[in-house]
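For the protein sequence lines, the chains are A and B, in the order given.
This note's numbering puts the first residue of the first sequence at 1, with every later residue one more than the last.
This note's numbering puts the first residue of the second sequence at 1, with every later residue one more than the last.
If you are wondering where the hints come from, they were derived from the structure by calculation, not from laboratory data.
These numbers were taken from a predicted model, which means no experiment stands behind them.
Hints may contain errors.
What the hints assert, rightly or not - 20 Å max Cα-Cα, derived EDC-like pairs, lysine to aspartate or glutamate: (1) B:Lys152 x B:Asp116; (2) B:Lys152 x A:Glu7; (3) B:Lys152 x B:Glu162; (4) B:Lys152 x A:Glu42; (5) B:Lys152 x A:Asp8; (6) B:Lys152 x A:Asp15.
Said to hold, decoys possible - Derived list of chain B stretches under chain A, where covered just means 3 residues or more per stretch with a C-beta under 8 Å from a C-beta of chain A: (7) 10-22; (8) 106-113; (9) 123-131; (10) 149-155.
Where a beta carbon is used, it is the ideal one built from N, C-alpha and C, also for glycine.
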Amino acid sequence: MRPHLPEDELHAWLDGQLSPNQRAEIAEHLLACLRCRALEGEVRGVRNRAGALLAFAAPRIRVPRALPATLPRPVRRRLGKRLLAGGGAVAALLALGIGLRPGVTPSTGRPIIRPPTLATALVAQPVPRPVDAAVDAPVADRTLTLASRVAMAPNVVARTPVVNASHRPLRPVDPMAGVDPGEGWETTSFHEAARRSRGALARLDGVAVTQVRLTPSRYGGRPVAMTRQVLNDGRAVWVIEGAAEDLGEITRVLSASGLRLSAATRARPDYIGPDEAPVRTIRMAMVAGYLPVDSLDALAGERLRLD
Amino acid sequence: MAFDLDNLYRTTYDAVVRFLYRKVWDADRAEDLAQEVFMRALHHQPEKPRSWVFAVAANIARDEARSAIRRRKHLTLLTHEPIASPAPLNDVHEDLEQEEREAEVKRALATLTPRDREVLLLWDAGLSYPEIAEQTGLAVGAVGTTLARARKRLVAAHDAIEAARGTTITRGEERRAAASS
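Next up, chain A with everything else stripped away, as it sits in the complex:
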């Protein structure tokens, strides 16, 4: 096993800037090393606080104004063509003479829109555009601030009835569909899994469960469980629970597939071995998904139920 992890590597790990191999190596090390786990907690705290502080120093006026109208003529023509070729609704509205006011709520006077398209900015006043434009996602993922975490909270933690889980409309391509930690996994119902886990199946409270997979622990006791749950917006997350030694290999496979993992939380231990000298095992639980690490940590911190 490698010596303790340096602090800057943990920053890079939390920032999602390491290669899959490095990620797997660190995940494995963290599962086995208490000291580095403690340091990771500290680094995470510093990182989150720095992000939150920077969020305070953000401009409050968020309505971009039009670009100066001093563009050279050829460029303006080109942009105009692009706008028309794209069949933009903005151009159509402007052509029809519909005078939309910039995105300001009449009651409060507060700006309600995010950046308009460049074409809009060049041609006229900003026109509201859908807030959930997918094109914003990569930037939003990486510039996760306290404010954006608060903004996304309703999506993440809203209560969903488990009964209708199989009928929920999912995204056309579910990134989790292809994740398979290896051979020997058995798909089972939630109730059967809960029974075999002796009523202590780790899961996110209030989030629909769509699948549970179990595999026997190599160290005895309750099986290792992967519980697939679907958030309100259709994104899937896995809650992985098992003996610390079992999880090392699984997290390595998951990390290599590009998944992000929350910090590991201690789950309910098992007592294995003879009655006169039972051994207390260390079981851990964590949340995996294609989400920012902060969101996974928030889910694990606020919703993870270990019974």
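Got chain A sorted already, so can you dock chain B onto it with the hints?
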């Protein structure tokens, strides 16, 4: 790959304004400068547009800081008075609290070295380690080290500022209590 200014504008505008704001500390000016950045991008059509806009934003902010110093000197000569800021429109307490917090962060940021501050702001603007490395001239491996140091220093400086403010408030309260008794 074809240069797509429309997409660049939509995906990076917010981050560029935020980045510039933390350099010039004036929301209107930051937006003006952001417009200037995208105007230049339109002319240059850079190959790596995301890195390019932040490099230009950093240069523009540097020029702006120099001219701001010149303007301030000139105004000081003319008026000998500070320039009044516009009256707050929203809830006064909320605004004051926000301003106070922002001022603390601003002071904490000012304690960082220019390199640490630049790396921190670029990361917060959404650039990856390789993009930050390319822009700052650091090795990719050194970005993590710089960022780790910058975050720690920012938090420590902010804690120190908050602690000093707490002491000042306590002393003020003590003085008021002594005066009233």
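Verification of the supplied hints:
no.	hint	verdict
1	B:Lys152 x B:Asp116	holds (10 Å)
2	B:Lys152 x A:Glu7	holds (11 Å)
3	B:Lys152 x B:Glu162	holds (15 Å)
4	B:Lys152 x A:Glu42	holds (10 Å)
5	B:Lys152 x A:Asp8	holds (11 Å)
6	B:Lys152 x A:Asp15	holds (15 Å)
7	10-22	holds (count 10)
8	106-113	holds (count 3)
9	123-131	holds (count 6)
10	149-155	holds (count 5)
The structure shown violates none of the earlier numbered hints.
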